[in-house]
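So you can see what is in the structure, the chains are spelled out below.
2 protein chains.
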Amino acid sequence: MVIKHFELLKKDGKSRLGILHTSHGDIETPCFMPVGTQGTVKAIFPSDLIKMGAKIILANTYHLYLRPGMDIIKQAGGLHKFINWSLPILTDSGGFQVFSMNDLRKISEQGVEFRSHIDGSKHFFTPEKVIEIQDVLGSDVIMVLDECVEYPVEHDYVKASAELTLRWAKRSKVKYNELNLNNNRLLFGIIQGSTYKDLRKFSAESTVEIGFDGYAIGGLSVGEPSERMYEMVSETEKFLPEYKPRYLMGVGTPEDLLLCIEQGIDMFDCVLPTRNARNGQALTSAGKVNLKNARYKNDFSPLDSECDCYTCKNFTKAYLSHLFRAEEFLGLQLNSLHNLNFMLKLTETIRNSISEGKFKETKKEFLKKYQGLQ
Amino acid sequence: MVIKHFELLKKDGKSRLGILHTSHGDIETPCFMPVGTQGTVKAIFPSDLIKMGAKIILANTYHLYLRPGMDIIKQAGGLHKFINWSLPILTDSGGFQVFSMNDLRKISEQGVEFRSHIDGSKHFFTPEKVIEIQDVLGSDVIMVLDECVEYPVEHDYVKASAELTLRWAKRSKVKYNELNLNNNRLLFGIIQGSTYKDLRKFSAESTVEIGFDGYAIGGLSVGEPSERMYEMVSETEKFLPEYKPRYLMGVGTPEDLLLCIEQGIDMFDCVLPTRNARNGQALTSAGKVNLKNARYKNDFSPLDSECDCYTCKNFTKAYLSHLFRAEEFLGLQLNSLHNLNFMLKLTETIRNSISEGKFKETKKEFLKKYQGLQ
Numbered sequence: 015m016v017i018k019h020f021e022l023l024k025k026d027g028k029s030r031l032g033i034l035h036t037s038h039g040d041i042e043t044p045c046f047m048p049v050g051t052q053g054t055v056k057a058i059f060p061s062d063l064i065k066m067g068a069k070i071i072l073a074n075t076y077h078l079y080l081r082p083g084m085d086i087i088k089q090a091g092g093l094h095k096f097i098n099w100s101l102p103i104l105t106d107s108g109g110f111q112v113f114s115m116n117d118l119r120k121i122s123e124q125g126v127e128f129r130s131h132i133d134g135s136k137h138f139f140t141p142e143k144v145i146e147i148q149d150v151l152g153s154d155v156i157m158v159l160d161e162c163v164e165y166p167v168e169h170d171y172v173k174a175s176a177e178l179t180l181r182w183a184k185r186s187k188v189k190y191n192e193l194n195l196n197n198n199r200l201l202f203g204i205i206q207g208s209t210y211k212d213l214r215k216f217s218a219e220s221t222v223e224i225g226f227d228g229y230a231i232g233g234l235s236v237g238e239p240s241e242r243m244y245e246m247v248s249e250t251e252k253f254l255p256e257y258k259p260r261y262l263m264g265v266g267t268p269e270d271l272l273l274c275i276e277q278g279i280d281m282f283d284c285v286l287p288t289r290n291a292r293n294g295q296a297l298t299s300a301g302k303v304n305l306k307n308a309r310y311k312n313d314f315s316p317l318d319s320e321c322d323c324y325t326c327k328n329f330t331k332a333y334l335s336h337l338f339r340a341e342e343f344l345g346l347q348l349n350s351l352h353n354l355n356f357m358l359k360l361t362e363t364i365r366n367s368i369s370e371g372k373f374k375e376t377k378k379e380f381l382k383k384y385q386g387l388q
Numbered sequence: 015m016v017i018k019h020f021e022l023l024k025k026d027g028k029s030r031l032g033i034l035h036t037s038h039g040d041i042e043t044p045c046f047m048p049v050g051t052q053g054t055v056k057a058i059f060p061s062d063l064i065k066m067g068a069k070i071i072l073a074n075t076y077h078l079y080l081r082p083g084m085d086i087i088k089q090a091g092g093l094h095k096f097i098n099w100s101l102p103i104l105t106d107s108g109g110f111q112v113f114s115m116n117d118l119r120k121i122s123e124q125g126v127e128f129r130s131h132i133d134g135s136k137h138f139f140t141p142e143k144v145i146e147i148q149d150v151l152g153s154d155v156i157m158v159l160d161e162c163v164e165y166p167v168e169h170d171y172v173k174a175s176a177e178l179t180l181r182w183a184k185r186s187k188v189k190y191n192e193l194n195l196n197n198n199r200l201l202f203g204i205i206q207g208s209t210y211k212d213l214r215k216f217s218a219e220s221t222v223e224i225g226f227d228g229y230a231i232g233g234l235s236v237g238e239p240s241e242r243m244y245e246m247v248s249e250t251e252k253f254l255p256e257y258k259p260r261y262l263m264g265v266g267t268p269e270d271l272l273l274c275i276e277q278g279i280d281m282f283d284c285v286l287p288t289r290n291a292r293n294g295q296a297l298t299s300a301g302k303v304n305l306k307n308a309r310y311k312n313d314f315s316p317l318d319s320e321c322d323c324y325t326c327k328n329f330t331k332a333y334l335s336h337l338f339r340a341e342e343f344l345g346l347q348l349n350s351l352h353n354l355n356f357m358l359k360l361t362e363t364i365r366n367s368i369s370e371g372k373f374k375e376t377k378k379e380f381l382k383k384y385q386g387l388q
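Protein chains in written order, with the numbering used here: chain H, 15 to 388; chain F, 15 to 388.
Just chain H, same shape as in the assembly:
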């Protein structure tokens, strides 16, 4: 069976190989989406994203709405043109930012009032407005406004919040339908419910009932133990339709990708590969490397001898270590490039393994080597 915007090509256990069709191109899944919050993946040239095989990037509604603002984006002819990125863009709704960056937010049935983290100005997001903003941005994958609760929160609060998120999701769908967008500009619902199984079930079933082009699992990777996260992915995934893409928001590490792809997740995004890169942490096939560690000062081998990126083909750990000690930009540029390349190549390897029916072997082999150093 083929749904027009998503093809499920093959399954290997619960892990899935697919293709997501959007108005700016196709994305093979499972995929890792580099995060470009403010319209740039930090310290990376767009041409390098293309070279390393990124087919889609994330941007953030909250941030772009505040700066440069919708007027500028409109004049530019949309976000793709503004940032000169011709491949797909998924925009997060800004729900997470409104709730995580604002102590003064006021939530109501209508929407959420918040203050700009830039100048303190007051703003009001409704589910409808957030869809409209993403329409102007020209997003290929539009996310509904949701309330993303902290961890841990009591069951009662999470229940009320998941119900509100659901009512917002319905209004989002109505607004999206009104806008009558190009068919391949997709709308994804977001499932909440914190770490409560019954609420994950409720949120999943009722969000699916509304009907979206894909389903995101939100509210995880916010401080709960990893085991709890994996459990909640499992408790959510089982209520999701087979023929729609599933997106685990804000996740994660190489291990997270493997363990969650094993449970049927198709899409991921996370700032960690680039954020940690800027702090000197590199991801390698033999595990994590902290370039600020004294042992690398005179280690004249590449970060990862199996890696084909510009950093690994040209520079040694000793040089990278020097760049971090000397607080040189080139260090974080080279390490960000490497880490993103690592995540993108890992998902490519995973896709190939699913295609060959060898996901479990590949996972085992990768983790054995990756966790060996730790």
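Just so you know, these hints were derived from the structure itself, not from any lab.
You can trust all of the hints, since none of them are fake.
Dumping the calculated DSS-like pairs for lysine-lysine here, alpha-carbon to alpha-carbon at most 25 Å:
| hint | chain 1 | residue 1 | chain 2 | residue 2 |
| --- | --- | --- | --- | --- |
| 1 | H | K88 | F | K306 |
| 2 | H | K327 | F | K95 |
| 3 | H | K95 | F | K306 |
| 4 | H | K378 | H | K28 |
| 5 | H | K311 | F | K95 |
| 6 | H | K311 | F | K88 |
| 7 | H | K95 | F | K311 |
| 8 | F | K359 | F | K327 |
| 9 | H | K327 | F | K88 |
| 10 | F | K65 | H | K65 |
| 11 | F | K18 | F | K252 |
| 12 | F | K252 | F | K211 |
Where chain F lies over chain H, by a calculated footprint (3+ residues, C-beta under 8 Å):
| hint | segment |
| --- | --- |
| 13 | 93 to 102 |
| 14 | 311 to 323 |
Here a beta-carbon is modelled for each residue, glycine too, at the ideal position from N, C-alpha and C.
Once you have looked at the hints, place chain F on chain H.
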């Protein structure tokens, strides 16, 4: 007449077209040398330096001696290998840094004691030691240790200082000869004398008498008025031999390059194109552009429509302006790339104009357009 390491190909007025031969390759002059103080040109990939036509970069003896230290550089097999740069490297002697970064330095006939700006540790540089360090670095152009005086300073002090620098230069030459380096690893003397004509004459004549592979004019662009600098270049240049390269240290702006090439200077280095780039100032054929200026927020034209760099071919001033406002790394990366490309292309244009005997027209045309905006 051809001196083995420097060919003077053509003159147009006093402006000169030449080729400097070094152990890692040839450099067409006039040339602008990007500054890579700590073994990296800030925020620029070495592959991009190559693409934009950089044939030589600078590095700094003082900085590299302190960090990563000579032990690491030695283990790496020299600076070229450590930073993976296969073209020529000129290393400044560190004199300027010892004198500008150290309030506690103690100068004597023997050398200069200073404290590390990193950890406060005490070190002692002699003219001989600085040559030895540059030997280990593997520098293609080695600079002598000099005392770089502030501006303004009294005649008596400058006189004594220029005499000391001269005695150090003699010792440097002796040490250099002892090391018996590859013929195309060159040694440059440095002429001091602040803004005193008689001392510039003294320093130039006596430094030339020692005999070096090239002559640097030091102690300028340290706060004196531009007119004074141009005058001192003229007052120094006339005592320099025709068939050796002349290097004006720490200079400069596009105007400086044109005005000093007109006076017979061959080589330049300056941190301004990259330092100002990081602050949002772009160099364009129509003058300087401050990307933080409100007028560029919705200017959807490239920085410089005549420029062929990655930045200008792909991005608008509006996007660059957004990146600077949002304090994104990509802004300073793209602007650094553009500014360096601008300086390198300007020197290429100048070389072509000398070759065609049209230096004066090119200079006039460039300045008319460049200064139009200001």
